[in-house]
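Protein chains in written order, with my numbering: chain A, 1 to 166; chain B, 1 to 564.
Incorrect hints may appear among the rest.
Estimated spans, in silico, between C-beta atoms of each pair [said to hold, decoys possible]:
#1 B/Arg-275 <-> A/Ile-112: 17 to 25 Å
#2 A/Cys-114 <-> B/Glu-153: 41 to 49 Å
#3 A/Cys-114 <-> B/Asn-522: 47 to 55 Å
#4 B/Trp-370 <-> A/Ile-112: 52 to 60 Å
#5 B/Tyr-298 <-> A/Phe-50: 49 to 57 Å
#6 B/Ile-207 <-> A/Val-46: 55 to 63 Å
Straight-line C-alpha distance at most 25 Å; calculated PhoX-like pairs for lysine-lysine [claimed, not checked]:
#7 A/Lys-159 <-> B/Lys-165
#8 B/Lys-170 <-> A/Lys-162
#9 A/Lys-130 <-> A/Lys-159
#10 B/Lys-292 <-> B/Lys-30
#11 B/Lys-165 <-> A/Lys-162
#12 A/Lys-159 <-> B/Lys-292
#13 A/Lys-79 <-> B/Lys-255
#14 B/Lys-243 <-> A/Lys-162
#15 A/Lys-79 <-> B/Lys-278
Partial chain B-side listing against chain A, Cβ under 7 Å, derived [claimed, not checked]:
#16 Pro-137
#17 Ile-138
#18 Lys-243
#19 Ser-247
#20 Arg-250
#21 Lys-278
No wet-lab data here; the hints were simulated from the structure. The model shown is predicted, which means the values in this text are computed figures rather than measured ones. Think of the CB as a built atom: it goes at the ideal place given N, C-alpha and C, for glycine as much as any other residue.
In case you want the letters, here they are:
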Amino acid sequence: MRIERKELNWWEKPYIPAVVYGFLVTVRRFFSRKVTMQYPEERWVVPEGFRGAPYLVRDQEGRIKCVACQLCEFVCPPKAITVTPPGPEADPEAGNVEKCPRDFHIDMLRCIYCGLCQEVCPEEAIFLMKDNTLCGYNREEMDYDMGRLLDLGGVREDKIRKWKNK
Amino acid sequence: MSEEEKRIRVVIDGNAVEVPATSRDPVTGKPVPTTMIQACKAAGVKVPHYCYHRDLPVAGNCRMCLVEFGTPALGPDRKPIIETDGTPRINRSPRPVIACATPVSPGMEIYTDTPKVRKMRREVLEFLLINHPLDCPICDQAGECKLQEYSVEYGDANSRFVENKEHKPKQVELGPRIILDDERCILCTRCIRFTRDIVGDDALGIINRGGRSTLTNYPGRPFDNNYTLNTVDICPVGAHTSKDFRSRMRVWFLKETPSICAGCGTGCNMIIGSRENKIYRFTPRRNDAVNKSWMCDYGRLNFKWIESKERLNRVVVRDGRGREEISDWASALGSLVARLKTLPHGVSGVIGSAGLSVEELFLLKMLSNWLGGVTDSVPNIGEEDNLLVSADKNPNSKGAELTGVAAKPMGSEIKHMAGRIKDGTLKALFVFGEDVTEHGIVPELLDKLELLVVADVLPNSTSNAAHYLFPGAAYVEKKGTFLNVRGRAQRFFKAVEPPGSAHAEFELLVELLRLLRITVDNNTVEGVFERFISELDESSDLTWDGLGDDGVDMTGRTDAGGSG
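Chain A extracted, bound-state conformation:
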């Protein structure tokens, strides 16, 4: 398809009226409500249900909720999650009677924030939180380990408390 170029008339040819009109738009914005954010000092408040970085949570008694079932590792499409199962010896200090991960890594450079780990988790131990635009100075720094994920994840109220009466 060909589009004919519009012939400019004598009023449009010097461009001065267009420049003046454009300047008027700028001046009008100058006095209206400001919409630009001072990023990164100022951050956008994400809506409920936003899928940010996945973190691990503890229950209200401070226990790690994850039981190292490795379903998130299995379902993770970019293979960002690596869980190290505990092996035969359970750590009595962890508070979990039978099983909790020895280590849990999420490579945040690989994570695509799809939320499948949260969806598949049978223990409600991993949640996509509101954190976004994660950054670091090198690749190792972006591979979050279990301690970091638990600190960032915080506490979730748990009605069942699986290990309480075991």
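Since the structure of chain A is provided, determine the placement of chain B on it from the hints.
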């Protein structure tokens, strides 16, 4: 017609099949009437079950295999009544029966997929799940659990159970290798029957009654025979767990490689479960001719050495005067070949372990023929038992004998070699996979050698003295064939990569023969195996693929089974 050849025609879900009238009892070996579940299996119809196991006596307690059936109606003349359309009239039984313990009769019709049967399965599952903890996320059986599978297939998604669950002991140490979770147990008694009837160690039993029935071992008597870990395999749920494998890896991640256990000469078929180059477990692979469904605990846990930090993983060249350097395959092989070409005919000896594959031993024999040397293997005799463990601890003694590497009797040539090293007529020694210092060729004799070439997996006094040390691969890291004590050729495959610059001895030998310009027509494992077969018996049509999953008995084809 003998009792065993008699066949019975039965109709399963509308399809007629002929099944033998009797089959062998798994424990006594006597002929017993064929049951419905065996007939269904022959017809390719799966009947869900928990307590039935084809290698165990029938218990009939789980009630999962309930089916409906009918028998032909007989007239006054005791002949089946034929309807007008030509089919026999069937009297349907008013009640279901358990397929695992009901013998088939001529003309019987079995219905395994009626609404009533499905309803019974759903209700049996509901009862089984009443006291089940539903802890699949932490249960090792998850992924290969029959309770999970049938619940998905026939069970109800919602629980109607509002009472409190019965709590039973958890994490009970039954023995040194088994941890029992009584809450998961569905009381199928497979483990009890296995240890009582197959092993002959009556260590397990069920105490208490009803919902409080608990599986336990006899007080003060640990469940510690050499076959305890089989109960982990046959347990249809996660009640028995292996202490070694417990909570180490979820089973769905494991890559399954068919292999052969190298723990002794029996050659139990097994599956290697590995993930990301790490071995997690060995499980038995069914083979009626060798190990049925079982495997001993020793063989099953015999993989820790493969991951040892000690493993040889670099090519080392020593000049014999204390200088030692790390080399690479190409240059080490190059200088070795140059040395070999200057070596006089008939001054070398070759000691090939009977733990090498048939193909490797065959190539080793070719190398030895070129050198004009003498060969032998090292016998390894230990204790045997009446179930699986063989006295011959070498996995491939028959292979060593048939390829001609082993002297007759095995190990008799080593003494002569030691004597010839002493008087200087044996100048070069090739040692593959053995520590000869423990078998008569002491380190002082090794120092007298002009050339000592060693390929091994773990360091020992022989490898420490080697002039050319090539790191080899364990049997899980290569492909090949073993001939078990009864002369059965069985294939094993590569599950994990060897460490560092280690390579299978097969690759080392192929490369060495190529550099020495010795023709191996087809230098793949398959090709070498087929050449070995054709040299044994020219008329044989046995191929590598022809070995299949279960292997082939070489007895009769050759003199392989002559003495065993």
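What hint numbers does the structure not satisfy? Going through the list in order, the structure violates hints 2, 12, 21 and respects the others.
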